[in-house]
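Trainee: Spelled out, the chains give:
There are 2 protein chains.
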Amino acid sequence: MAELTERGRRTRQRIVEATGRQILAAGIGGTSLDDVRAATLTSKSQLFHYFPGGKAELVRAVAEWEGGELLAAQLPHLEDLSTRASWEAWRAALVDYYIGQGRWACPIGSLANEAAVGDPELAALVADTFRQWASRLAAGVRRMQGVGEVDAAADPDRVAASILSAIQGGLVLSQPLHDPWPLEAALDQALHALDAPAVRT
Amino acid sequence: MAELTERGRRTRQRIVEATGRQILAAGIGGTSLDDVRAATLTSKSQLFHYFPGGKAELVRAVAEWEGGELLAAQLPHLEDLSTRASWEAWRAALVDYYIGQGRWACPIGSLANEAAVGDPELAALVADTFRQWASRLAAGVRRMQGVGEVDAAADPDRVAASILSAIQGGLVLSQPLHDPWPLEAALDQALHALDAPAVRT
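Note that the protein sequences, when read in sequence, are chains A and B. The opening residue of the first sequence carries number 1 in the UniProt record's numbering; numbering runs sequentially from there. The opening residue of the second sequence carries number 1 in the UniProt record's numbering; numbering runs sequentially from there.
Keep in mind that the hints were calculated from the coordinates and are not lab data. Take these hints with a grain of salt, some might be off.
Treat identical chains as interchangeable: a pair holds within one or across any two.
Dumping the calculated SDA-like pairs for lysine to any residue here, alpha-carbon to alpha-carbon at most 25 Å [stated by the list, open to error]: (1) Lys-55 / Gly-29; (2) Lys-55 / Leu-177; (3) Lys-44 / Asp-195; (4) Lys-55 / Ile-99; (5) Lys-55 / Leu-33; (6) Lys-55 / His-178; (7) Lys-55 / Arg-142; (8) Lys-55 / Trp-65.
Hey, can you work out the whole structure from these sequences and the hints?
Mentor: Structure follows, in C-alpha cells:
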C-alpha cells in the first residue's frame, strides 16, 4: 500500500467511506463486499488490490479512518479543556457531530460489540481510539484540577471513562427514540464531576 | 401462535435463544436463518411455522425475550431500590449478569444501533425495555428522595437515564478491553447522584 497514486488514494478512500456508512447502517455482519462494490462502482479485483486481506482489512481501515474523524471533529476543544467554556464548546461540537450531522450512533462505539467477539485486531483499534480520546479528556480534567476548578481528589482517568461512557450509552438510549435527550442528560450528569469542588458528606 | 403445544413452545423458545446468542456474537446483520437452522437443527418449514414473518419477526421475538430476561436478572432489587444497600445489591446482580456470566454486552443495547436504522417496530421494542428499566430506576430515586437520602432537587428521570447510559456506555468501553473497569467506573460515577444531598456552589 506504500505506492498508491493520488487517484489510487482517492479510490481507496471512497471505498473506506462507503463501507463506513454501510457499517453504521447495518453493522459489520450486515455489510458485504458486494454491497461495497455496488456502492462504489468498483470491481472485485480493484477491491482486493486496495484491501488484499479482504473484508477484515477493509473494516480495520474503516475503524482507523472513523477514529481519526471522530477525534478531529472535537478539535480544537479536545486539546484544550482547561476551562468550563472549553468543555462546553467541546460538548457542543460532539453533539453536533452525532446528532446535528444525523449519525445518531458512534462509528467507533458501534464497532465495539462485533469487534470484541470476532476480530481481536479490530478490537485493539477500537480500544486505541477510546484510549486516545480518554487521555485527552483526562488531561483536561487535570488542567481543571491545576487551577482549582475540579476537586483534586477526583481520579481523572475514572472521570474520563465515565464521560466517555455517558456519550456511548447516551447514544444507545437516544437511537431507538430518535431523541437526543438521554445523550444530553447523561453528558450533563457526567460533566457534574467538573463542578467546583463540592462538599460531600 | 395462540395454539402451540408444550413441545411447540419449547421448540420455539429454543429457536429464540439460539438466535439471541448468534445476534450477541455477530449482530443482526451477521445472523442468517441458515445459521439459526443449523444451530437448532430445525427445518426451514419449522422455522416459518413458528415465525411466519421470517427473520424480522424472529429478531423481535428475541428482543422481547431478552428484554424480559434482562429485567428479571435484576429482581428483586430493581423493584425496591429504597436503600443504598438495595442499590448496591442491584448493581452487583447487574455486573454479574453482564460480566460474571460472560456476556460482555447488553442483549438489548446491542440491538439499538441496527434497530434504529432498519426496523422501527424493533426499535420500539428496544425503547420499551429501556423505558421499563428507567421507570424502575426513577421510582427507586423517588423512594430515596422520600426518605431524604437523595437531593429533592434531582430529576429522577434524568438520573435514571444517566445510570442506564453509564451501563450501556460502560459496556461499550469494557468490551474491546475485556476488562470491567470502565463499566464499574461509569456506574460508580452515575450512582454518585444518590449520595446524601451535596452542598454545591
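Trainee: Work down the list of hints and note, for each, if the structure agrees.
Mentor: Do the hints match the structure? See the list:
1. In this assembly of identical chains, Lys-55 and Gly-29 lie within 25 Å of each other by CA distance both inside one copy and across copies; the values are 10 Å within and 15 Å between.
2. Taking the shortest Cα distances, Lys-55 and Leu-177 sit within 25 Å of each other only across copies (23 Å), while inside one copy they are farther apart (32 Å).
3. For a Cα distance limit of 25 Å, the shortest separation of Lys-44 from Asp-195 qualifies neither inside one copy, at 55 Å, nor across copies, at 59 Å.
4. Within a single copy, Lys-55 and Ile-99 get their C-alpha atoms no closer than 29 Å, and across copies no closer than 30 Å, so neither meets the 25 Å cut-off.
5. In the homo-oligomer, the alpha carbons of Lys-55 and Leu-33 lie at most 25 Å apart both inside one protomer (7 Å) and across protomers (22 Å), since each shortest distance falls under that limit.
6. Only between protomers do Lys-55 and His-178 lie at most 25 Å apart by alpha-carbon distance; the minimum there is 24 Å, versus 30 Å within a single protomer.
7. Taking the shortest alpha-carbon separations for Lys-55 and Arg-142, neither the intra-copy value of 40 Å nor the inter-copy value of 50 Å comes in at or below 25 Å.
8. Proximity of Lys-55 to Trp-65 under the C-alpha cut-off of 25 Å is restricted to the intra-copy arrangement: shortest distance 15 Å within a copy versus 32 Å between copies.
Taken one by one, the earlier hints fail for this structure at numbers 3, 4 and 7, listed in ascending order.
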